[in-house]
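Visitor: Residues per chain are reported as follows:
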Amino acid sequence: MALDYITAEVKALIGVESARLEATHPVEASEVRRFFQATMDPAPRYWDAARAGRGRYGALVAPLGFPVHAFRRPPERADPLDAMGEADFDGRERTLRAGLPAVPVPLPRLLNGGYEYEFFRHARVGERIFRKSRYRDIYQRDGKSGAMVFLVIEDVYTNEAGEPLLKSVNTMILR
Amino acid sequence: MAQVYFEDVTVGAAIPDLVKGPMSTAHIMRWSAAMENWHRIHYDWRYATAHDKLPDVVVNGSWKQHVMIQLLADWAGEGGWPWKLRFQFRGMNLPGETLTAWGRVKAKEARGRFGVVELEIGLRNEKGEEGTPGNATVVLPRRDGPPVPYPFDPRVLDQAAVS
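Protein sequences appear in the order of chains V and W. Here our numbering is used: the first residue of the first sequence is 1, the next is one more, and so on. Here our numbering is used: the first residue of the second sequence is 1, the next is one more, and so on.
This is chain W alone, in the form it adopts within the complex:
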């Protein structure tokens, strides 16, 4: 993906979606096993439905959060930085769903030699139901400026632009 620059960003515009799925029980099992997460609602259908009264086993919130992080890291590119991310697990997602991580620019501000972009983000299923609403802050390079320094130190945003 080509580097996105602060000047390319328009308030109200969407960033590229990140689509995962359709999610299967195998996807859920693969993540649970990799993370050694033994919460029964992710693999024990009888427990999930009979004991916890859920419609099915559910996609791990811990998995969903990394999809949101990936959305931002992909968009920021190696010249930018996905600085902050906040979200709530509001709704469950089930096997069979296709999940789309999305973002929309709420505001942008030039700070020092860089640009700071505020985004509304979420993870919705194919019916358009939003289950993980949140917002994020991404730091982008400016077209005539340097890449965002790595490791990221927020103090770079307070340093004056070099003329």
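This is chain V alone, in the form it adopts within the complex:
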């Protein structure tokens, strides 16, 4: 029988919500460009302003999944690369969402289990992105390779007018 990682302290995090937090900066054309070039997605709605302006988007937009990556490290937060000298440091921060407390489960490996997305509109270049996050569930499964703790995180992304951009449910796995 594996150790029970779902302590009262962990259980108390289920349902905990973040505030509605703003992304590090408004959607930048350069960040959008690097995104669509790295995903090799040449759709003109991301770069052809004249065409995008005439189409249903009315302006240049970012790829639909762009807001998920808009919450970059703000200048005041510690540099995660400071820990690169530690042999076991995997390069990832354990605070999975700004505004949500870290889950105190002492398992070393963090894996992304997958996503559910619901899309409503693209973020526009120049627009401000906001996110509100919540721990929907935290549970443990014990497999052949030991215990795995699943963190199910809901995120709602909106623009500055409060219009929905997308919703996601992300399952992160600690093992």
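Treat the hints as calculated values from the structure; they're not laboratory data. Values in this document were obtained by computation on a predicted structure and should not be read as measured data. Beta carbons: idealized from backbone N, C-alpha and C, even for Gly. Just to be clear, a hint being listed does not mean it is correct.
Once the Cα atoms are required to be at most 30 Å apart in a straight line, the calculated DSSO-like pairs of lysine-lysine come out as [what the hints assert, rightly or not]:
#1 W/K53 / V/K144
#2 W/K108 / V/K144
#3 V/K11 / V/K167
#4 V/K167 / W/K106
#5 W/K108 / V/K167
#6 V/K167 / V/K132
#7 W/K106 / W/K127
#8 W/K53 / W/K106
#9 W/K53 / W/K84
#10 W/K84 / V/K132
#11 W/K106 / W/K84
#12 W/K53 / V/K167
#13 V/K11 / V/K144
#14 W/K108 / W/K53
#15 V/K11 / V/K132
Now the in silico label distances, taken between C-beta atoms and shown as ranges [unchecked claim]:
#16 W/M29 / V/L13: 30 to 36 Å
#17 V/T24 / W/M29: 17 to 23 Å
#18 V/E93 / W/P149: 35 to 41 Å
Please build the complex by placing chain W on the supplied structure of chain V, with the hints as guidance.
Guide: Frame of chain V, contents of chain W only:
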């Protein structure tokens, strides 16, 4: 790509594949740098292989998900909408692999003035190994109807068709 209409869709049929690659370490590095993702398994070969016992550095799941989104957005066209997408990261993908995002129609239903299509989707490598299985829901226009309104509001699916 020409607009696909609800009437064009056949249950069991494939939608056009979206092929990426062969993937190189530079593709992985480019995405990691653009997203400021410092997870070592994507660029630190010694860490990936010696510490995490992986066969090589691995393609980012965060990158793969956008390929799946692109598959659906390309197919839906500017008259349709890639409404929902669900997938699991089940298998890793390595440098050298060519990745094909694919979709197959499972079901279709006319709702209001639009059509809702359910798809099975995935991202397989050149050996046919599936690493990112999932499913999706795409809203398409009907041949005699309007484009799907943008921004998308699911309530339009509950509005009666205009005669």
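Visitor: Would you mind marking each hint as holding or not holding in the structure?
Guide: Hints and how they fare:
With a C-alpha separation of about 17 Å, the suggested pair W/K53 and V/K144 falls inside the 30 Å cut-off, and the hint holds. As the CA atoms of W/K108 and V/K144 are separated by approximately 40 Å, the hinted pair breaks the 30 Å bound. Restraint check: the Cα-Cα separation between V/K11 and V/K167 comes to about 24 Å, which is no more than 30 Å; the hinted pair holds. Distance check on the hinted pair: V/K167 and W/K106 sit about 24 Å apart at the alpha-carbon level, within 30 Å; holds.
Of the pairs offered as hints, the one joining W/K108 and V/K167 holds, with about 23 Å between alpha carbons and a cut-off of 30 Å not exceeded. Between the alpha carbons of V/K167 and V/K132 the distance comes to roughly 10 Å, so the proposed pair stays at or under 30 Å and holds. Only pairs whose Cα atoms come within 30 Å are accepted, and W/K106 paired with W/K127 is accepted, the gap being roughly 24 Å. Between W/K53 and W/K106 the CA atoms are separated by roughly 38 Å; this puts the pair beyond 30 Å, and the hint is violated.
Using a Cα cut-off of 30 Å, the hinted pair W/K53 and W/K84 is violated, with the two alpha carbons roughly 35 Å apart. Straight-line distance between C-alpha atoms of W/K84 and V/K132 comes to about 19 Å, which keeps the hinted pair within the 30 Å bound. With a C-alpha separation of about 14 Å, the suggested pairing of W/K106 with W/K84 holds against the 30 Å cut-off. At roughly 34 Å between alpha-carbon atoms, W/K53 and V/K167 are farther apart than 30 Å, so this suggested pair is violated.
As the CA atoms of V/K11 and V/K144 are separated by approximately 24 Å, the hinted pair is consistent with the 30 Å bound. For the suggested pair W/K108 and W/K53, the alpha carbons sit about 44 Å apart, so the restraint of at most 30 Å is broken. For the given pair, V/K11 sits about 20 Å from V/K132 by alpha-carbon distance, which is consistent with the 30 Å threshold. Between W/M29 and V/L13 the Cβ separation comes to about 34 Å, which falls inside the hinted range of 30 to 36 Å.
Distance hint check: the CB atoms of V/T24 and W/M29 are about 22 Å apart, consistent with the given range 17 to 23 Å. Judged by the Cβ atoms, the range 35 to 41 Å given for V/E93 and W/P149 holds: they are separated by roughly 39 Å.
The structure is inconsistent with the numbered hints 2, 8, 9, 12 and 14, although it conforms to all the rest.
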